[in-house]
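Peer 1: With the hints as constraints, model all of the structure from the sequences given.
Protein chains in written order, with the numbering used here: chain A, 584 to 1296; chain L, 1102 to 1250.
Not one of these hints is a red herring.
Within a straight-line C-alpha distance of at most 35 Å, the following computed DSBU-like cross-link-like pairs (lysine-lysine) qualify:
| no. | chain 1 | residue 1 | chain 2 | residue 2 |
| --- | --- | --- | --- | --- |
| 1 | A | Lys962 | A | Lys996 |
| 2 | L | Lys1245 | A | Lys1183 |
| 3 | A | Lys1114 | A | Lys1289 |
| 4 | L | Lys1110 | A | Lys996 |
| 5 | A | Lys1030 | A | Lys1136 |
| 6 | A | Lys1073 | A | Lys1118 |
| 7 | A | Lys1183 | L | Lys1217 |
| 8 | A | Lys824 | L | Lys1110 |
| 9 | L | Lys1184 | A | Lys770 |
| 10 | L | Lys1213 | A | Lys1181 |
| 11 | L | Lys1245 | A | Lys770 |
| 12 | L | Lys1184 | A | Lys1183 |
| 13 | L | Lys1245 | A | Lys1181 |
| 14 | L | Lys1213 | A | Lys1183 |
| 15 | L | Lys1217 | A | Lys1181 |
| 16 | A | Lys827 | L | Lys1110 |
Just so you know, these hints were derived from the structure itself, not from any lab. Model, not experiment: these values are computed from the prediction.
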Amino acid sequence: MNEMLSRRSFIAGSGALVVSLSVSAAPVFAQGAAAKLTAFLEIAADGRVKLWSPTTEMGQGIHTGHAMLIAEELGVPLQRISVETANPAPAFRRGVTATNPGAMSSGGSWGMRAWHVPLRKAAAQARAMLLAEAAETKKLPVGELDIVDGVVMRGGKAVGPIGAFAAGAARREAPAEPQLRDKATRKLTGTRQPRLDLPAKVKGEPIYCFDMEMPGMVYACARLSPVFRGELQDFDAASAKTVKGVTQVVALPGGAAVVANSTWAAMKGADALAIRFKPTPHDKLDSATISANMKAALGSAKPAVAPRADGDFAGALKSAAKVVEADYEVPFLAHTPLEPWNAVVRFNADGTLEVWAPTQAQDRLLGAITAASGLTADKVTIHTTLLGGGFGRRLRDVEGVRDAVLVAKAVGKPVHYFWRREDEIGQGWYRPAQMARMKATLDAGGKVTGLSFRAAGTSMVMDFAAPATPIQEGGLDGSSLQSIADTRYKPPALLLEYAMHREPVPSAPWRAVGSTQNGFFLECFLDEVAKAAGKDPLTLRRELLAHDPRALKVLDVVARESGWGTPLPAGRARGLAYMESYGSLCAEVAEVSIVDGKPKVHRVTVAIDCGSIVSRDGAISQIEGGVVQGLSTALGEAVLIEGGAAATRNLDSYQLLRMPDAPTRIDCHIIESGEPMGGVGEPPLPPIAPAVCNALFVLTGKPVRKLPIVLGA
Amino acid sequence: MINLTVNGKTHRLDVEPDTPLLWVLRDTLDLKGAKYGCGIAQCGACTVIANGAAIRSCVTPVEALADADVLTIEGVGAKGLSKLQQAWLDHQVPQCGYCQTGQIMQATALLKDIPKPTDEEIDAGMAGNICRCGTYVRIRAAIKQAAGV
Chain A
584 MNEMLSRRSF IAGSGALVVS LSVSAAPVFA QGAAAKLTAF LEIAADGRVK LWSPTTEMGQ
644 GIHTGHAMLI AEELGVPLQR ISVETANPAP AFRRGVTATN PGAMSSGGSW GMRAWHVPLR
704 KAAAQARAML LAEAAETKKL PVGELDIVDG VVMRGGKAVG PIGAFAAGAA RREAPAEPQL
764 RDKATRKLTG TRQPRLDLPA KVKGEPIYCF DMEMPGMVYA CARLSPVFRG ELQDFDAASA
824 KTVKGVTQVV ALPGGAAVVA NSTWAAMKGA DALAIRFKPT PHDKLDSATI SANMKAALGS
884 AKPAVAPRAD GDFAGALKSA AKVVEADYEV PFLAHTPLEP WNAVVRFNAD GTLEVWAPTQ
944 AQDRLLGAIT AASGLTADKV TIHTTLLGGG FGRRLRDVEG VRDAVLVAKA VGKPVHYFWR
1004 REDEIGQGWY RPAQMARMKA TLDAGGKVTG LSFRAAGTSM VMDFAAPATP IQEGGLDGSS
1064 LQSIADTRYK PPALLLEYAM HREPVPSAPW RAVGSTQNGF FLECFLDEVA KAAGKDPLTL
1124 RRELLAHDPR ALKVLDVVAR ESGWGTPLPA GRARGLAYME SYGSLCAEVA EVSIVDGKPK
1184 VHRVTVAIDC GSIVSRDGAI SQIEGGVVQG LSTALGEAVL IEGGAAATRN LDSYQLLRMP
1244 DAPTRIDCHI IESGEPMGGV GEPPLPPIAP AVCNALFVLT GKPVRKLPIV LGA
Chain L
1102 MINLTVNGKT HRLDVEPDTP LLWVLRDTLD LKGAKYGCGI AQCGACTVIA NGAAIRSCVT
1162 PVEALADADV LTIEGVGAKG LSKLQQAWLD HQVPQCGYCQ TGQIMQATAL LKDIPKPTDE
1222 EIDAGMAGNI CRCGTYVRIR AAIKQAAGV
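Peer 2: Have a look at this one:
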């Protein structure tokens, strides 16, 4: 595989410099001793720079963004940097505290906001070490040296390329607090730069895990229980072996893997396999039952947990001139990264284990690998490939990697273990189905005096964290009130509640997590409130945010840029929505018409205050992608449950947005307020579904209270 | 044995005749550019061109292509980037990139049939290719650049 080859040839270059972020007592290793991998940077003798990124590249462009930071701070051309995702080690973990070792993981739109400072610091350390080495060997005053375009310079004169000083610099101590370059000199970050990974992607080079080949490798196709959390009862291996090329069938907790000498033989063998699964208590579960359970939880007399109760909502209800009330609902959503789950596992003769996998959660994978293999973590190397999409799905895969290891163990050869699309969708770990009951109270003048929001549904956090139990049964799942519990809206009374009703359908973080459903719930409901109050939806939101200049600016920018309030062609309307998530405030306006009975989105205007940005085009592409993915959930996506399993198991029935339904235009307006950096991967997603639904509300006079949108429902 | 011509080179292949072209390309010929996404001709990640027309290689048995001339992304870019590939870079289209080789092959076939497509023709021509990352607006722009419309 190219990636492996390039890595090997890179390391073969002498004089690699390794800078550790754990600067306390960690020595700086020269090449060879660098196997500990507590390191971000290597510099080869020819001046090439290797960055070990703490973040998975799943399409969000983070590796280019990280490389931009290094290029600027170190003083090398961007194109001279190659990036790979690191093997888990302390330096690459987030959330490290005195009592928590943290974890290496790519979620929560943390890729840039968590790492821009540590990566700049790592580059500054490397620069200081290189300059110290150059100063000593060339007998020059270090204070007069700098690195420009990969060359150590004194005044306007070249002292030597950085590669010439790399080996010596690697023997030096990294300064604990290196001097960062003056902000005023930054010329690269904040600009548009071509992504480093795109040439390989337009040429179709083998860069994904599914493309891996290695000598002796066999192919193993999963055949798993379609019923969620189902277990294997038994199978008849001979039935699969009738397929030419099938060599073995390996039992797995949730089914089996059919091993063959080609992908196609493994797939055919998986189809031919006679297999039975144990009955489960939920063999008859369906979507209607799940909806009824949520509805019951919404109306339950049993007190829901209330994380926030500002003012006196009961009093507001009593004295209200008008009460607006509505129930909203969203279905389970599948992440559907286009590359289905797969992993390559190789047990090496020296007792070590290597796993190549498209993962967002290296430490979670490492735990599953050590448990399944019986090896200690120091014997395991995880090679994170470039991902064919993640969206949160690749934060999970505990079972997927466990099974890959079990198959490799049973077969005794390197194994490419894979799921087909039906399992990628059908094994679950969805954005949870949820409902919300909202009430708003208005005084005689149309002013909002109170707002209550009760969410109900299964608990994503309990599913995702299991077997750990961060919350109690019936407790508060914070994700169910995400972006609501900390809303900047300030009605005089605000009551938030959550009623848990767990389901066996496994749920997990899905791009923007709880904010996806809550953006739809609250922002559509606010337009119902605005209508009841006789107010423009922008005016209502400005009133609720009157105390918050930062939020008002986001609203005002989106209103101005979208032409809010200006005339539109007949049959076309605008809808507005605003939501803050992952540290960024985002407002969107959608221009919508109804064509052949279906919503048609013409133009989307986005205003986002994410504090500051590093990779401008990276941010814009994430905004565009978030808008399209959010629109996809509004227009078509829903996992339907029948017989305890997903009924929508492939892309014929699980409807992803296609080009004809994509907006004609997406205009992005990034507000660099200088506030702490927020994310851009997730925040653009939540506002789009409500913006579109709110435009439809204008066009039809009927609120959309359930996704995906069915006009006339 | 089946004769298959891929990117101008004819191979004599000892594969099961019902094997979809996708797996012959990927496993037998080590051409990994065409991708597996759904296996049922719904996502277009496996798109290649056979006898000038875009096909879904995941559902096309290799025996049906005995005399066909198959073009894959590796062939498209063999002598330097094609106009479409360059436009894809100019517009920085891909995110995860997994669907993009299929998108480029579909667009290659589209522009061969309709050198100057309208917006509607681009949408209709590309409707069989899903991009989960949501790069559609940039794909449209790249096709227009390559087509000069």
